[in-house]
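Student: The residues making up each chain are set out below.
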Amino acid sequence: MPLIWLRVAVVCYGVGLVYSLLLLSKRGNLLGKIVEPAVGLGLIFHFVSLVESTIQIGHLSLASIHYSESLLAFMAMVVFFVFFVGYRTTSPGIVIFPIVFVLTFASALGQKPVALTSPLLRNGWIFVHVVLIFTGYAGLFLSFGASLLYLAQERALKSKRQTQLLNWLPPLQTIDDIGYHALLFGFPFMTFGIVTGSVLAIEKYGPMFFYDPKILLSFLMWAVYLLLLYTRWTAGWRGRRAAFLATVAFVVAIGAWAANNFSRVHKFIAS
Amino acid sequence: MNLVLIGVNHRTAPVEVREQFAIPEARLPEAVKELATYPGVEEGMIVSTCNRVELLARTTNGTADLDGLLKRLYGFDPTPYREHLYEYRERDAVRHVFRVASSLDSMVVGEPQILGQVKEAYATARAVGAVNSQLDALLTRAFAVAKRVRNETSVATSAVSVASVAVDLAKKIFGNLQGKAVYLVGAGKMCELSARHLLAHGAQQIYVANRTYDRAAALAKKFNGEAIPFDQLYETVPRADIVISSTGAPHAIFRKEHGERFLSRRRNRPMFFIDIAVPRDIDPEMNKLDGIFVYDIDDLQQVVTSHVADRRVEADRAEAIVQMEVEKFQGRLQTLDVVPTIVSLQEHLETVRQAEIDRVRGRLGTLTPEQELAVEALSRGIINKIMHTPITTLKSAARESSEVTTVIDLVRKLFGLRDARASAASQDDNVVTAAKTGARR
Numbered sequence: 001m002p003l004i005w006l007r008v009a010v011v012c013y014g015v016g017l018v019y020s021l022l023l024l025s026k027r028g029n030l031l032g033k034i035v036e037p038a039v040g041l042g043l044i045f046h047f048v049s050l051v052e053s054t055i056q057i058g059h060l061s062l063a064s065i066h067y068s069e070s071l072l073a074f075m076a077m078v079v080f081f082v083f084f085v086g087y088r089t090t091s092p093g094i095v096i097f098p099i100v101f102v103l104t105f106a107s108a109l110g111q112k113p114v115a116l117t118s119p120l121l122r123n124g125w126i127f128v129h130v131v132l133i134f135t136g137y138a139g140l141f142l143s144f145g146a147s148l149l150y151l152a153q154e155r156a157l158k159s160k161r162q163t164q165l166l167n168w169l170p171p172l173q174t175i176d177d178i179g180y181h182a183l184l185f186g187f188p189f190m191t192f193g194i195v196t197g198s199v200l201a202i203e204k205y206g207p208m209f210f211y212d213p214k215i216l217l218s219f220l221m222w223a224v225y226l227l228l229l230y231t232r233w234t235a236g237w238r239g240r241r242a243a244f245l246a247t248v249a250f251v252v253a254i255g256a257w258a259a260n261n262f263s264r265v266h267k268f269i270a271s
Numbered sequence: 001m002n003l004v005l006i007g008v009n010h011r012t013a014p015v016e017v018r019e020q021f022a023i024p025e026a027r028l029p030e031a032v033k034e035l036a037t038y039p040g041v042e043e044g045m046i047v048s049t050c051n052r053v054e055l056l057a058r059t060t061n062g063t064a065d066l067d068g069l070l071k072r073l074y075g076f077d078p079t080p081y082r083e084h085l086y087e088y089r090e091r092d093a094v095r096h097v098f099r100v101a102s103s104l105d106s107m108v109v110g111e112p113q114i115l116g117q118v119k120e121a122y123a124t125a126r127a128v129g130a131v132n133s134q135l136d137a138l139l140t141r142a143f144a145v146a147k148r149v150r151n152e153t154s155v156a157t158s159a160v161s162v163a164s165v166a167v168d169l170a171k172k173i174f175g176n177l178q179g180k181a182v183y184l185v186g187a188g189k190m191c192e193l194s195a196r197h198l199l200a201h202g203a204q205q206i207y208v209a210n211r212t213y214d215r216a217a218a219l220a221k222k223f224n225g226e227a228i229p230f231d232q233l234y235e236t237v238p239r240a241d242i243v244i245s246s247t248g249a250p251h252a253i254f255r256k257e258h259g260e261r262f263l264s265r266r267r268n269r270p271m272f273f274i275d276i277a278v279p280r281d282i283d284p285e286m287n288k289l290d291g292i293f294v295y296d297i298d299d300l301q302q303v304v305t306s307h308v309a310d311r312r313v314e315a316d317r318a319e320a321i322v323q324m325e326v327e328k329f330q331g332r333l334q335t336l337d338v339v340p341t342i343v344s345l346q347e348h349l350e351t352v353r354q355a356e357i358d359r360v361r362g363r364l365g366t367l368t369p370e371q372e373l374a375v376e377a378l379s380r381g382i383i384n385k386i387m388h389t390p391i392t393t394l395k396s397a398a399r400e401s402s403e404v405t406t407v408i409d410l411v412r413k414l415f416g417l418r419d420a421r422a423s424a425a426s427q428d429d430n431v432v433t434a435a436k437t438g439a440r441r
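Chains as they are written, first to last, in this note's numbering: chain U, 1 to 271; chain V, 1 to 441.
Please note: incorrect hints may appear among the correct ones.
Dumping the calculated EDC-like pairs for lysine to aspartate or glutamate here, alpha-carbon to alpha-carbon at most 20 Å [claimed, not checked]: (1) V/Lys-288 to V/Glu-260; (2) U/Lys-160 to V/Asp-136; (3) V/Lys-171 to U/Asp-177; (4) V/Lys-385 to V/Glu-350; (5) U/Lys-158 to V/Asp-168; (6) V/Lys-413 to V/Glu-327; (7) V/Lys-147 to V/Asp-290; (8) V/Lys-119 to V/Glu-30; (9) V/Lys-71 to V/Glu-90; (10) U/Lys-158 to V/Glu-25; (11) V/Lys-189 to V/Glu-120; (12) U/Lys-160 to V/Asp-283; (13) V/Lys-147 to V/Glu-327; (14) U/Lys-158 to V/Glu-285; (15) V/Lys-33 to V/Glu-120; (16) U/Lys-158 to V/Asp-299; (17) V/Lys-328 to V/Asp-77; (18) U/Lys-158 to V/Asp-283; (19) V/Lys-328 to V/Glu-152; (20) V/Lys-171 to V/Asp-299; (21) U/Lys-160 to V/Asp-299; (22) V/Lys-147 to V/Asp-136; (23) U/Lys-158 to V/Glu-235; (24) U/Lys-160 to V/Asp-290; (25) U/Lys-160 to V/Asp-168; (26) V/Lys-328 to V/Asp-136; (27) U/Lys-158 to V/Glu-257; (28) U/Lys-160 to V/Glu-350; (29) V/Lys-119 to V/Asp-136; (30) V/Lys-147 to V/Glu-319; (31) V/Lys-119 to V/Glu-25; (32) V/Lys-71 to V/Glu-120.
Okay, the calculated bits of chain U under chain V, using three or more residues with CB under 8 Å as the criterion [what the hints assert, rightly or not]: (33) 155 to 161; (34) 237 to 244.
Simulated from the structure, these hints should not be mistaken for lab results. Glycine included, C-beta positions come from ideal geometry on N, C-alpha and C.
Take the sequences, apply the hints, and build the full model.
Tutor: Take a look at the structure:
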């Protein structure tokens with residue numbers, strides 16, 4: 001049953017994806033009127049799906065890779081909506097929607113997922129750790145999206161041509177605020193997520209946990225995250241330089257996500 | 001009436017070329033005088049704004065040496081700029097003047113500033129005595145046409161001025177202008193107007209720097225702003241989010257290295273530079289810096305093209321009004337053209353008649369009042385009969401613009417009339433009264 005709800009959510013997010021693609025291919029703001037309700041509906045079905053699968057298992061748990069992908073997509077959408085309420089613009093969606101779509105689509109494929117059988121995952125703290133980290137990721141995604149939009153808007157303004165993109169995008173300052181606030185918003189989550197993770201890992205593996213590709217990449221990502229904030233506070237970096245850093249952070253984040261496969265600490269498959 | 005108009009505008013010439021032709025306000029009276037006293041030129045005026053430079057002249061016989069004139073005014077050979085210069089004569093010149101005054105030829109169609117600028121140019125030319133009768137009539141009519149266009153179409157009401165385009169762009173950068181600081185470099189009209197717009201949209205602080213501190217102070221006072229001595233310009237500019245520059249400086253006052261300094265002082269917060277000066281005040285290179293946006297007057301034009309499209313319909317109506325007015329004016333002008341000839345023809349024949357009557361008076365002896373009247377009527381009758389055909393021919397020729405000069409010349413030659421056209425200007429008032437009396441006869 002949760003899979004069905006998730007698939008409905010995927011269809012709704014699909015509207016968001018098409019909307020983004022249309023905008024990017026300069027076909028204009030065709031789905032502008034229905035994209036908000038569509039992805040909103042998607043978020044509701046998504047939530048239902050997550051709740052149901054939790055009930056099925058009987059407790060809060062990350063039973064599979066698919067579940068965590070779904071959870072990450074969910075957090076990204078929640079953060080997106082938080083900012084949507086604040087700024088009344090769907091523009092960051094142009095980046096967020098495709099990411100969310102891919103994540104939910106992958107998790108809704110319904111193949112026999114890689115079951116995460118480690119008893120560790122029954123620990124409620126792990127769940128807290130994951131939610132914190134994912135919220136941090138979501139903030140980073142949003143900030144990354146905003147910095148790409150900032151670049152696009154900056155280029156449009158400098159080229160001095162009246163493009164559709166220029167008219168559709170919110171003002172430069174608003175994009176900048178979204179990017180910065182998304183960073184500010186995500187940073188404490190990311191920090192506490194890493195702290196809880198580290199504490200749990202020390203408990204289990206001792207200090208040696210640190211020498212693990214997944215952990216190293218996560219710390220690197222956190223460092224880039226911090227650097228983003230630091231350059232912003234001290235030198236007011238934005239635009240091209242901030243976008244560059246945000247891209248680095250994003251790539252490292254993807255790397256950290258993928259590193260599950262090489263990680264000893266983070267595999268969670270009972271051996 | 002041998003009108004000729006020559007100029008460059010925002011459509012025919014890029015800002016670099018217009019800079020070459022621009023005449024600073026201070027030099028304008030002298031330049032107009034030079035134009036009006038140029039050989040072959042009867043009257044003239046010059047309109048020089050950031051979007052256009054136009055010389056309007058009435059020549060003696062339509063063949064003034066325009067290249068020589070430009071060379072004398074500017075001190076350089078205009079030939080390399082030929083492709084940017086346009087030249088209108090007679091009816092086309094009239095139409096152009098009407099269109100310019102009605103703001104139909106403006107970068108932003110319908111913007112209200114141009115009418116004021118043309119009025120100012122006219123006042124300057126008048127003050128130095130460069131315009132009289134005919135250009136007077138043309139410009140007075142042009143102002144009336146502009147008024148008609150403004151009242152009868154909505155071209156002007158929906159007009160987007162350069163200032164409001166600047167506001168739109170500022171909003172694209174800053175979101176809303178609440179609490180933003182605006183820096184005016186130069187205390188000109190355009191600066192003032194733009195500042196007013198920005199304030200109306202929420203901008204808070206105004207700084208004004210001008211070479212003449214008093215003018216800066218006067219303008220700053222209007223906006224409750226702060227006047228800043230010009231030598232503190234570079235230290236104080238980073239305070240502002242929006243900088244509007246319109247000085248008459250011959251070189252750029254803001255260059256890339258200044259921009260870099262501003263940005264580091266502002267910790268990379270974006271700045272918006274609006275350059276409405278010709279020649280430009282801001283080096284376009286500055287636009288390449290991250291976080292600095294420079295728009296000059298040509299760039300603003302690109303932005304408004306879309307707005308112009310929306311107003312095409314109204315603009316078409318306005319064009320129709322202009323066309324109608326051109327016809328009307330042209331008709332009146334040409335009648336005016338033949339009037340001096342008709343008058344001098346009448347005067348000439350009247351003198352002949354008087355002379356002949358005086359000559360035979362002695363031989364006629366004393367005449368009764370009735371006889372006296374009869375002689376008068378006889379001679380006058382003959383004269384009127386003779387004059388009838390030439391006058392009707394002249395009048396109908398006035399309606400066919402191509403014929404009018406030939407017919408005038410022919411009539412003058414046939415009757416041995418001296419060339420009254422050169423002095424027609426001074427006699428204008430007499431001419432009109434005479435024409436009226438003539439018509440009554």
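Student: Which hints from the list above does the structure break, by number from lowest to highest?
Tutor: Of the numbered hints, 2, 6, 7, 9, 10, 17, 23, 28 and 32 do not hold.
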